[in-house]
Amino acid sequence: MTASAQPLSVIIATDCGSTTTKAILIEKLGNEYRQTYRGEAPTTVEAPFEDVTRGVLNSLAELEDLSGRKILDGERIITPNHAAQGEPKVGVDIYISTSSAGGGLQMMVAGAVQSMTGESAQRCALGAGAIVMDVLASNDGRLPHEKIERIRSLRPDMILLSGGTDGGTVTHVVEMAEYIAAAEPRPRLGMSYQLPLIYAGNKNARDRIKEILGEKTSLVITDNIRPVLERENLAPARTKIHDLFLEHVMAQAPGYKKLIEWTGAPIMPTPAAVGLIMETIAKREHLNLIGVDIGGATTDVFSVFGGVFNRTVSANLGLSYSVSNVLAEAGLANIMRWVPFTIEEQILRNRIKNKMIRPTTIPQTLDELQIEQAIAREALRLALIHHKSLATGLKGVQQERSISDIFEQRASGQTLIDMLKLDLIVGSGGILSHAPRRVQSMLMMVDAYEPLGFTQLSVDSIFMMPHLGVLSTVNEQAATDVFVRDCMIYLGTCVAPIGQGKDGERCTDYTISFGEGRSPESGTLTFGELRLFPLGRDERAQIELRPAKQVDLSEGKGRSVTRDVHGGEVGLLLDGRGRPLQLPAKPEARLAALTRWHRTVGLYPK
Amino acid sequence: MAHAYTPGLTVTEQTVIRKRRFLPIPGTVLAKTGDRVQAETVVARAELPGKVHVVNVANLLGIAPDEIRDYLVKKEGESLGRDEVFAENKPFIKWFKTEVRSPIQGKLESVSTITGQVLLREPPRLLERLAYVDGTVVDLHPGQGVTVETRCSMVQGIFGIGGETWGELVMAVDSPDKTLPAAQLLPTMKSKIVVSGAFLGIETMRRAREIGVAGLVVGGIHDKDLRELLGYDLGVAITGTEQVGFTLVITEGFGTIPMATKTFELLTKHVSQKASISGTTQIRAGVIRPEILIPWKSDQQSAGGTGPTAPAAERSGIRIGDHVRVIRDPLFGRIGQVAALPTDLRQIETESVVRVLEVKFADGTSAVIPRANVEIIEG
Chain A
1 MTASAQPLSV
11 IIATDCGSTT
21 TKAILIEKLG
31 NEYRQTYRGE
41 APTTVEAPFE
51 DVTRGVLNSL
61 AELEDLSGRK
71 ILDGERIITP
81 NHAAQGEPKV
91 GVDIYISTSS
101 AGGGLQMMVA
111 GAVQSMTGES
121 AQRCALGAGA
131 IVMDVLASND
141 GRLPHEKIER
151 IRSLRPDMIL
161 LSGGTDGGTV
171 THVVEMAEYI
181 AAAEPRPRLG
191 MSYQLPLIYA
201 GNKNARDRIK
211 EILGEKTSLV
221 ITDNIRPVLE
231 RENLAPARTK
241 IHDLFLEHVM
251 AQAPGYKKLI
261 EWTGAPIMPT
271 PAAVGLIMET
281 IAKREHLNLI
291 GVDIGGATTD
301 VFSVFGGVFN
311 RTVSANLGLS
321 YSVSNVLAEA
331 GLANIMRWVP
341 FTIEEQILRN
351 RIKNKMIRPT
361 TIPQTLDELQ
371 IEQAIAREAL
381 RLALIHHKSL
391 ATGLKGVQQE
401 RSISDIFEQR
411 ASGQTLIDML
421 KLDLIVGSGG
431 ILSHAPRRVQ
441 SMLMMVDAYE
451 PLGFTQLSVD
461 SIFMMPHLGV
471 LSTVNEQAAT
481 DVFVRDCMIY
491 LGTCVAPIGQ
501 GKDGERCTDY
511 TISFGEGRSP
521 ESGTLTFGEL
531 RLFPLGRDER
541 AQIELRPAKQ
551 VDLSEGKGRS
561 VTRDVHGGEV
571 GLLLDGRGRP
581 LQLPAKPEAR
591 LAALTRWHRT
601 VGLYPK
Chain B
1001 MAHAYTPGLT
1011 VTEQTVIRKR
1021 RFLPIPGTVL
1031 AKTGDRVQAE
1041 TVVARAELPG
1051 KVHVVNVANL
1061 LGIAPDEIRD
1071 YLVKKEGESL
1081 GRDEVFAENK
1091 PFIKWFKTEV
1101 RSPIQGKLES
1111 VSTITGQVLL
1121 REPPRLLERL
1131 AYVDGTVVDL
1141 HPGQGVTVET
1151 RCSMVQGIFG
1161 IGGETWGELV
1171 MAVDSPDKTL
1181 PAAQLLPTMK
1191 SKIVVSGAFL
1201 GIETMRRARE
1211 IGVAGLVVGG
1221 IHDKDLRELL
1231 GYDLGVAITG
1241 TEQVGFTLVI
1251 TEGFGTIPMA
1261 TKTFELLTKH
1271 VSQKASISGT
1281 TQIRAGVIRP
1291 EILIPWKSDQ
1301 QSAGGTGPTA
1311 PAAERSGIRI
1321 GDHVRVIRDP
1331 LFGRIGQVAA
1341 LPTDLRQIET
1351 ESVVRVLEVK
1361 FADGTSAVIP
1371 RANVEIIEG
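Chains as they are written, first to last, in this note's numbering: chain A, 1 to 606; chain B, 1001 to 1379.
Since the hints were made in silico from the structure, they are not lab data.
Take the hints with a grain of salt, since some may be wrong.
Beyond 12 Å from chain B on every Cβ pair, some chain A residues (computed) [stated by the list, open to error]:
{"#": "1", "residue": "Thr-79"}
{"#": "2", "residue": "Glu-450"}
{"#": "3", "residue": "Val-474"}
{"#": "4", "residue": "Ser-519"}
{"#": "5", "residue": "Gly-556"}
Think about it this way: if two alpha-carbon atoms lie no more than 27 Å apart in a straight line, the pair counts; the simulated DSSO-like pairs of lysine-lysine are [unchecked claim]:
{"#": "6", "chain 1": "B", "residue 1": "Lys-1032", "chain 2": "B", "residue 2": "Lys-1074"}
{"#": "7", "chain 1": "A", "residue 1": "Lys-216", "chain 2": "B", "residue 2": "Lys-1262"}
{"#": "8", "chain 1": "B", "residue 1": "Lys-1051", "chain 2": "B", "residue 2": "Lys-1107"}
{"#": "9", "chain 1": "A", "residue 1": "Lys-216", "chain 2": "B", "residue 2": "Lys-1032"}
{"#": "10", "chain 1": "A", "residue 1": "Lys-283", "chain 2": "A", "residue 2": "Lys-216"}
{"#": "11", "chain 1": "B", "residue 1": "Lys-1074", "chain 2": "B", "residue 2": "Lys-1097"}
{"#": "12", "chain 1": "B", "residue 1": "Lys-1269", "chain 2": "B", "residue 2": "Lys-1178"}
{"#": "13", "chain 1": "B", "residue 1": "Lys-1262", "chain 2": "B", "residue 2": "Lys-1178"}
{"#": "14", "chain 1": "A", "residue 1": "Lys-210", "chain 2": "B", "residue 2": "Lys-1075"}
{"#": "15", "chain 1": "B", "residue 1": "Lys-1297", "chain 2": "B", "residue 2": "Lys-1032"}
{"#": "16", "chain 1": "B", "residue 1": "Lys-1274", "chain 2": "B", "residue 2": "Lys-1019"}
{"#": "17", "chain 1": "B", "residue 1": "Lys-1074", "chain 2": "A", "residue 2": "Lys-216"}
{"#": "18", "chain 1": "B", "residue 1": "Lys-1297", "chain 2": "B", "residue 2": "Lys-1274"}
{"#": "19", "chain 1": "A", "residue 1": "Lys-216", "chain 2": "B", "residue 2": "Lys-1075"}
{"#": "20", "chain 1": "A", "residue 1": "Lys-606", "chain 2": "A", "residue 2": "Lys-549"}
{"#": "21", "chain 1": "A", "residue 1": "Lys-210", "chain 2": "B", "residue 2": "Lys-1051"}
{"#": "22", "chain 1": "B", "residue 1": "Lys-1107", "chain 2": "A", "residue 2": "Lys-210"}
{"#": "23", "chain 1": "A", "residue 1": "Lys-586", "chain 2": "B", "residue 2": "Lys-1224"}
{"#": "24", "chain 1": "A", "residue 1": "Lys-210", "chain 2": "B", "residue 2": "Lys-1074"}
{"#": "25", "chain 1": "B", "residue 1": "Lys-1075", "chain 2": "B", "residue 2": "Lys-1107"}
Each residue gets a CB set at the ideal place from its N, CA and C atoms; glycine is no exception.
Starting from the given sequences, assemble the full structure and let the hints guide the process.
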């Protein structure tokens, strides 16, 4: 099946996740595209089925039941739709899919210098939707035999090897190639094919690389990802990763050959599709944004700042399979600081482990929900720290300095994530998309990310960003329509003054002017206080803030600011808890503060 | 979702299981189709390539990388002894001679004239794949391994650590709700699979290691004891390679939780029999749970008649009357029977709207529980 030239009016898209295959139906209603129905079924990559298409067919069968549209003829998807033949409820125009089943795309990357080509290779693989299992470099501190053992034991789906600028030294990259050859790496899936290896390093080393790796791997050579120190060129290598993902990795996974034949556009790795839709929206709206998808095993963070897209995967930060690792990495105290009651350490530890071994369970009591949302805050926080460390400018680049830089000498490779310039946070994943109250999603993200100044927040309603990402490659209008109307749920705007003060001290005075028919509200926001004003999804308000002398609202300390702010399902949140956010150190005071905040915003049932 | 339920853990008196005993790399298969094998029988063998050592000869001899071939006294592929000279310079004065000696016994693998490095490889290491269970070889996969079939009783645990082992089954307590104190572990339990009830603590684990117990099976343990046993906080449930001195299988979860009566009774029935256990757990897509397999002896097999020849097919869903285990607080660990399966969605205390079921417990009480929070006791 191929994408037809005729306009698309009925589209089905699936995302084959590691546990669930999610199908959505998109239909053109009048002049706009809308997501109309959704079905899901367990993914069937593993035994006893070992055929991904079974799960796809099951999810489509559920779509048929719900929508009344006949999509399947036996095990064949009916295309195109039969509207022209007088059967408007039969067939679809295109079927598209993303996949992260079977563990997604797992890669190992290698570069000459860790903080330079090593990081560029890592950014390249992450941007292509891969999980990076390890980054090898000449200077990574490991002895040669340790590197070789590591390569041998990892069994990635593919390797990306880079190193050196074009025309520069070949020694280091050849050395890395020698280690890879010595390890005789084998792919994760399938015994009978060679491991795909992409070489995207110094072009002068290509012949040597061919000699060393040509027979031991399925070698593909592409443009250098760092042709000169001052510039990254990630696109050609990313394209090769996608090609090899389809040709080698997916082709080895059970049932994918059939699935590839069914789809009207290349199957994309799920995170690559999510990244694509985020990048598209950020560019269209001229926004700086952070997107997060917090799952059971991993947390993906995407950002677009100044048009530069970055993605990271925190492989073991998640809320079911990896929940215990969040505890190990964040520490018990950091989790407990968000919990509005006390609990014995042993009980909490056992509960978290029980969630790890039975990951599909859901919180049944309020205290369990509060614990799970506390863990989510820490997973989100840690994943953003990880993201900031990788979403940086290029390291090792000589900077031109002017006279004005004399007093501020910044090293190269600073993070691109500037929370003050952040316009929008998009949350996704069960705990954010399906929180019983939307304000819970909003406060989890505000607590974890500590946005500064004015930041809009939203959630993905039913996790359809992967579908829309791949759809954007076929029909951008359809993807945008559905993204704006059905996918994004705007929660509102958070206003967070920067600065700290004692509880009860004046933080800022405010005046909020709403539209016609609603009286303005004014008052004083004190430190240690949260205030929430209802402001609907399509509503806007103007807020004037007159901060205390030590408080900054993006225009400098003590300077008044007036801004238009957007509403959402939660509204306008004034956060006077200070930035950086500091919770009271004493347990009783902390519990009292949490309880007060939760009541103010109506976080939980009474 | 049509089939939303948590598949349970299998506890069954009789099943036929097939174990694929494959090598991680191609090798030689030693068993033949139809062979009767014991757990300890070697069914396949392979040679793992030896470790690689890197020696930068160019640096050591102070020469350019592209010259190193002129200084080698051994060729690629040749064998080397430990401390044997494989490269040297040729100075006019003997006194200035530098020799490069091999740090290992093995062979000279490759030479790089770009980096000036020489790679030396240790001899291959023998890797043997054992049968793991007493049974019959039913399938042979040339170069890869065999499939061993066994008719057995089977208990799946929820979580374990440590790899495959086997030994005689011993009951250390007489009731599924009892805990196992360290003093109750006796030297006679060496190399055996010891079954406890609701709980055992770190002292008991230490004692098991001292005695040389092969495996421990228990309802629950505390996370803090696991941390102490491993020496680190386990972040992700992917286990099987730990070396703690024994294999541990927990059947219910973390905390003090009585072992399901059905499990305890099954294990009691097979006391003194040989059991194969594995703590390997992988809670990701393609779940692997720890297991206890008690192969039937040949006379039992003939008495067993023509049972199923493959694991029972996946069941289609949960039914009224099914035995279920509650797997989330506040009723974690309780076992009951499904009394009702309302089809409509219900709002629970958290305000989430979910599918629920009603469970009746042995004491006559009942509770409404989200379907995601129970698992069927299968078998």
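Now for the hints, and whether the structure bears them out:
no. : hint                     : verdict
1   : Thr-79                   : 25 Å, holds
2   : Glu-450                  : 25 Å, holds
3   : Val-474                  : 27 Å, holds
4   : Ser-519                  : 32 Å, holds
5   : Gly-556                  : 43 Å, holds
6   : B/Lys-1032 to B/Lys-1074 : 42 Å, violated
7   : A/Lys-216 to B/Lys-1262  : 53 Å, violated
8   : B/Lys-1051 to B/Lys-1107 : 11 Å, holds
9   : A/Lys-216 to B/Lys-1032  : 32 Å, violated
10  : A/Lys-283 to A/Lys-216   : 42 Å, violated
11  : B/Lys-1074 to B/Lys-1097 : 17 Å, holds
12  : B/Lys-1269 to B/Lys-1178 : 18 Å, holds
13  : B/Lys-1262 to B/Lys-1178 : 15 Å, holds
14  : A/Lys-210 to B/Lys-1075  : 22 Å, holds
15  : B/Lys-1297 to B/Lys-1032 : 21 Å, holds
16  : B/Lys-1274 to B/Lys-1019 : 17 Å, holds
17  : B/Lys-1074 to A/Lys-216  : 24 Å, holds
18  : B/Lys-1297 to B/Lys-1274 : 9 Å, holds
19  : A/Lys-216 to B/Lys-1075  : 21 Å, holds
20  : A/Lys-606 to A/Lys-549   : 38 Å, violated
21  : A/Lys-210 to B/Lys-1051  : 24 Å, holds
22  : B/Lys-1107 to A/Lys-210  : 24 Å, holds
23  : A/Lys-586 to B/Lys-1224  : 25 Å, holds
24  : A/Lys-210 to B/Lys-1074  : 25 Å, holds
25  : B/Lys-1075 to B/Lys-1107 : 9 Å, holds
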